[in-house]
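Dock chain B against the given chain A, drawing on the hints supplied.
There are 2 protein chains.
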Amino acid sequence: MIECTLTVELAERSYPIHIGTNGLDQLANLLKDVFKSKQAVVVTNETVAPLYLDAVKQQLHQLSIQVIEVVLPDGEQYKTGQYLDQIYSVMLVNKCDRKTTLVALGGGVIGDMTGYAAATYMRGVSFVQIPTTLLSQVDSSVGGKTGINHPLGKNMIGAFYQPKAVVADMNVFDTLPDRELSAGLAEVIKYGLIDDIAFLEWLEANIDALMSRDKEKLGEAVAWSCRNKARIVAEDETESGVRALLNLGHTFGHAIEAGMGYGVWLHGEGVAAGMVLAAKTSAALGYISEADVARVISILAKANLPVEHPKLGLERYLELMSVDKKNEAGKIRFILMKSLGQSFITADVPVAVLEQVLS
Amino acid sequence: MIECTLTVELAERSYPIHIGTNGLDQLANLLKDVFKSKQAVVVTNETVAPLYLDAVKQQLHQLSIQVIEVVLPDGEQYKTGQYLDQIYSVMLVNKCDRKTTLVALGGGVIGDMTGYAAATYMRGVSFVQIPTTLLSQVDSSVGGKTGINHPLGKNMIGAFYQPKAVVADMNVFDTLPDRELSAGLAEVIKYGLIDDIAFLEWLEANIDALMSRDKEKLGEAVAWSCRNKARIVAEDETESGVRALLNLGHTFGHAIEAGMGYGVWLHGEGVAAGMVLAAKTSAALGYISEADVARVISILAKANLPVEHPKLGLERYLELMSVDKKNEAGKIRFILMKSLGQSFITADVPVAVLEQVLS
Chain A
1 MIECTLTVEL AERSYPIHIG TNGLDQLANL LKDVFKSKQA VVVTNETVAP LYLDAVKQQL
61 HQLSIQVIEV VLPDGEQYKT GQYLDQIYSV MLVNKCDRKT TLVALGGGVI GDMTGYAAAT
121 YMRGVSFVQI PTTLLSQVDS SVGGKTGINH PLGKNMIGAF YQPKAVVADM NVFDTLPDRE
181 LSAGLAEVIK YGLIDDIAFL EWLEANIDAL MSRDKEKLGE AVAWSCRNKA RIVAEDETES
241 GVRALLNLGH TFGHAIEAGM GYGVWLHGEG VAAGMVLAAK TSAALGYISE ADVARVISIL
301 AKANLPVEHP KLGLERYLEL MSVDKKNEAG KIRFILMKSL GQSFITADVP VAVLEQVLS
Chain B
1 MIECTLTVEL AERSYPIHIG TNGLDQLANL LKDVFKSKQA VVVTNETVAP LYLDAVKQQL
61 HQLSIQVIEV VLPDGEQYKT GQYLDQIYSV MLVNKCDRKT TLVALGGGVI GDMTGYAAAT
121 YMRGVSFVQI PTTLLSQVDS SVGGKTGINH PLGKNMIGAF YQPKAVVADM NVFDTLPDRE
181 LSAGLAEVIK YGLIDDIAFL EWLEANIDAL MSRDKEKLGE AVAWSCRNKA RIVAEDETES
241 GVRALLNLGH TFGHAIEAGM GYGVWLHGEG VAAGMVLAAK TSAALGYISE ADVARVISIL
301 AKANLPVEHP KLGLERYLEL MSVDKKNEAG KIRFILMKSL GQSFITADVP VAVLEQVLS
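Protein chains in written order, with the UniProt record's numbering: chain A, 1 to 359; chain B, 1 to 359.
Bound conformation, chain A alone (with noise of 0.2 angstroms):
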């Protein structure tokens, strides 16, 4: 079984990612130097408190630690201002100080959610991830983007700020419903087809085995795409270059969630379409084979994700994709493939070719 400790290397904000299958009945000796206080909030959600909550607060009070709940609803419409308040509101009525930690235990929206709250309550204290997806132990648990949602864009508010360490178990898969896993393994095949051929090529080699569960080969691809994305992030640590490479699948993705109305597509799913489109944006502009387009289907169809995107009209995703936060001066910029496992940034995409590829 994979047991092994990623650094992500960002100078003095460098943590540990902790990928194995017994983490959450080891947080107690892997977190004993994370605290700098006897206090801790665990934010987490209604799906994930009844799995998880009791076994991470027996760990915490083995090393006395007073451990405060925050138990938010489930899913991506709750990552808003509203519900942060709800952190903050609760901190300060048990008079959290600089010194207490937060501790995100959930998905992508929890980690998100906490990591802002703890970037921003009383600017800043610490916090740790726990994350019990996929898709959040291989997205959300290296880079640091914290944030919420705005009625007007997602992510549209929040900050660059590192968790003190990360721990992922592979034994939370055992909980995980099957949509989430392909969900997950959306972003884990985005790391391929990003600058590593040969992570693509051992996905399409193991996608039946991840599909089924098979802890082993999901610790391994779980370890790959965190290292995959320490690299990139390591580089570029405040997105003013290759780390938009990341939104491979996004600047598509982010429009089919937000047009459909959030919570209705996952985020994972909006990706894996995101990422079909560019394919075909690509392959337009004359960069890769439609070859090579069916192979980047044929992975994420086996995934179980929707290689299809809805039909929201070139307007609209026009509209909806305007306001991406890769944007400059009004220039929608996409990730595009100059060769499969090889992509690239650019803002020269002819109106024209949208249409064919979004009709």
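Take the hints with a grain of salt, since some may be wrong.
No more than 27 angstroms apart at the CA atoms, straight line, and that leaves these computed lysine-lysine pairs for BS3-like [as the list claims (entries may be wrong)]:
(1) K36/B to K95/B
(2) K302/B to K331/A
(3) K331/A to K95/B
Label-pair restraints from in silico Cβ distances [said to hold, decoys possible]:
(4) P73/A to S339/B: 53 to 59 angstroms
(5) E46/B to D33/A: 23 to 29 angstroms
(6) M260/A to D178/B: 25 to 31 angstroms
(7) E319/A to E9/B: 42 to 48 angstroms
(8) D348/B to D214/A: 56 to 62 angstroms
(9) V90/A to L63/B: 23 to 29 angstroms
(10) V93/A to K311/B: 23 to 29 angstroms
The hints are simulated quantities; they were obtained by calculation from the structure and are not laboratory data.
Quick reminder that beta carbons are idealized off the backbone N, C-alpha and C, glycines included.
Using the frame of chain A, we list chain B on its own:
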């Protein structure tokens, strides 16, 4: 006339403070290297907008910058999530991107909110400060503390985030109400009391000139204050140690502001009465003499500042001070005076002493 540029030394986050008498008329020149795109959002309030907004716009237009305005109501009671969201919404509706620059034109409330909006909009955009009160020129213009109030505590939500430049124009004192001038002098006097007896003596010798708005003297006081604050902030950007000294008078002062209802006492007024309380506590503990206390009271009184605290009662003060960000493990931490011009941090103040001082 004083015309100088100080640099706040914070490695790659270093920035200049331009102090002079024509800053507003020289913005195009002073800020020409700051803007990363042709879009800026000027955040100001209903009091300041009629006085200076046109001048600022005219200067930015010289740089061919499109100016988007956000005019908020004037007052500490509007430093809330609701009005912060108004800034976000205007930015999103106008499709502001990561290269948009925010300009804070106003006092501390505008500076703190605008800085926090800059820290969190799309995980961080640039901002500059044009402080239009003495208080904001000597306080929020240095140190990167940004944030908003929460119903359960002042400045509880925020971030450390540095501006790209500050322009402190002495001509804004032509329009500053007497009460605001005095409130600013409270923070100026604070820098003498923290660790600079020479500055305190200079202030005692020049308080009448400052009160009669001698711009030469005001410029010197602003430069001296900013220099002192910059030195302390450079040592400890995120307030893990010595920076807490800048909170002299603030533990009591914040309690007064909150206890009276935000907006009833000005921040500087609370700090003035709070410094008197800190001096009296220091005397009660045997650190300074009654003559020293009288000297603190004397200069504050000459600046027309309140030297008597409101009688909220010990219990209420303790309750209000218990949410202070400096506190650790439930203990209230005070900034006291070891001697006049030499402050220190302590959590070691018996309740009986507080009762005596606050009665």
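Quiz item: Checked against the structure, which of the hints given earlier come out wrong?
Solution: 2, 5, 6, 9
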